[in-house]
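Asker: One letter stands for each residue in the lines below.
2 protein chains.
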Amino acid sequence: MARETVLDSRQEILRTAARLFQQRGYDATSMNDVAAALKLSKGGLYHHFQSKDEILFEIMNHAMEITQERVLNPVLDIADPEERLRALIRLHIEVVIGPRDREITVMLHENHPLPPALRRRINSRKKDYVHFLEKLMAEVQEKRLGDNGKVHRGGRKVSPRAAAFALLGMLNWIYQWYKPEGELQAQNLIPQFTELIFGGIFA
Amino acid sequence: MARETVLDSRQEILRTAARLFQQRGYDATSMNDVAAALKLSKGGLYHHFQSKDEILFEIMNHAMEITQERVLNPVLDIADPEERLRALIRLHIEVVIGPRDREITVMLHENHPLPPALRRRINSRKKDYVHFLEKLMAEVQEKRLGDNGKVHRGGRKVSPRAAAFALLGMLNWIYQWYKPEGELQAQNLIPQFTELIFGGIFA
Chain D
0 MARETVLDSR QEILRTAARL FQQRGYDATS MNDVAAALKL SKGGLYHHFQ
50 SKDEILFEIM NHAMEITQER VLNPVLDIAD PEERLRALIR LHIEVVIGPR
100 DREITVMLHE NHPLPPALRR RINSRKKDYV HFLEKLMAEV QEKRLGDNGK
150 VHRGGRKVSP RAAAFALLGM LNWIYQWYKP EGELQAQNLI PQFTELIFGG
200 IFA
Chain R
0 MARETVLDSR QEILRTAARL FQQRGYDATS MNDVAAALKL SKGGLYHHFQ
50 SKDEILFEIM NHAMEITQER VLNPVLDIAD PEERLRALIR LHIEVVIGPR
100 DREITVMLHE NHPLPPALRR RINSRKKDYV HFLEKLMAEV QEKRLGDNGK
150 VHRGGRKVSP RAAAFALLGM LNWIYQWYKP EGELQAQNLI PQFTELIFGG
200 IFA
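One line per chain: the protein sequences are D and R, in this order.
Numbering that gives the first Met the number 0 puts the first sequence at residues 0 to 202.
Numbering that gives the first Met the number 0 puts the second sequence at residues 0 to 202.
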């Protein structure tokens, strides 16, 4: 099998497994169920993944890869911190509501029991993203408020860390309410969430 | 058994079941496990709840009761919309990070398969909360921006609906990162999230 075909099969398995986990619950879905949905023999599935834990870990890991490739990498070269933050908000929303990988990225936020070593690896990647965002928030505030990290004119009432967690909550919560047929879609959600971050509800 | 004792037992069962569901996964936890953790006979447990679905539904329903009693009811009489919103943010954060009911409220956000009729009842209560918040955001904006629901000075860039979902995301996401020993605690988290909602990251 060519390398690409192997990669495609793995992604296809992850996507199908993610869909089943959401529809039926993680524990209630067996390796047999995943194999059957893919019209694979159980042996064919075990050829790719040794356990359901491994599939769950790879789904979450893949979700973090997607974030790296489609949110972080494209913004790294943007010199102006405010523009970098605006681009990050846009790209993150596009990943969250994009139909292509919604099943995969949703799995990041469900509290399924992973073996501790695998859980630590996912949590460490999540922490890297939080730290990137926290640093970016600090740069954005510093540039606009010119405070060189110190409190200026009584200001900086919102710490970079609180701002990072607030933004992550706004963005990662979208999957809880988003409907493809609803009135809030990418083209109005992106500017509204961006305005809220930069200027609050009275922006 | 006095009515109060029955109520206490039910809450004790819900709390214990919620803890087990989070530690081991919902599907992997059996009615036997719940009974054993409570030192109840299986018959004793079935006396209170007929099925695991019923327990899950009652946990979620109880979480919505808690929101009603400790977030919504206390703010209903606050005449000024801005003060009402500030109080709601404070009370909602206190419920989310309070140790007393964290196990219960977390269950609201996990995507466990509930029978459709029960799922609809929970979703309908969640929607009521979103609508309350959306209406409140509209009142707050209207009072400050004085636009009587119309666009004023090119403004109201953030719709009440987007603002409501953004705030819910910020608040309900807290359980994903909150640590009782971390630097962000109620006393600094509440003012920071409040400032961010009213004035953005440059507040």
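To be clear, the hints were calculated from the coordinates, so they are not data collected in a lab.
Incorrect hints may have been included.
Identical copies look the same in the list; a pair holds intra-copy or inter-copy alike.
Claimed, not checked - Heads up, simulated EDC-like pairs for lysine to aspartate or glutamate below, C-alpha to C-alpha not over 20 Å straight-line:
| # | residue 1 | residue 2 |
| --- | --- | --- |
| 1 | K178 | E133 |
| 2 | K126 | E182 |
| 3 | K41 | E141 |
| 4 | K134 | D26 |
| 5 | K126 | E82 |
| 6 | K41 | E109 |
| 7 | K178 | D100 |
Asker: Each hint should be assessed against the structure and marked as holding or not.
Answerer: Here is what the structure says about each hint:
1. K178 - E133: So K178 and E133 pass the 20 Å test across copies only (17 Å; inside, 29 Å).
2. K126 - E182: Between. Shortest inter-copy distance 15 Å satisfies the 20 Å Cα cut-off; intra-copy 33 Å does not.
3. K41 - E141: neither (56 Å within a copy, 60 Å between copies)
4. K134 - D26: neither (38 Å within a copy, 39 Å between copies)
5. K126 - E82: Cα proximity of K126 and E82: none, with 23 Å in one copy and 34 Å across.
6. K41 - E109: neither (26 Å within a copy, 29 Å between copies)
7. K178 - D100: Intra 15 Å, inter 30 Å, cutoff 20 Å: intra-copy only.
Violated hints, listed in ascending order, are 3, 4, 5, 6; each of the other numbered hints is respected by the structure.
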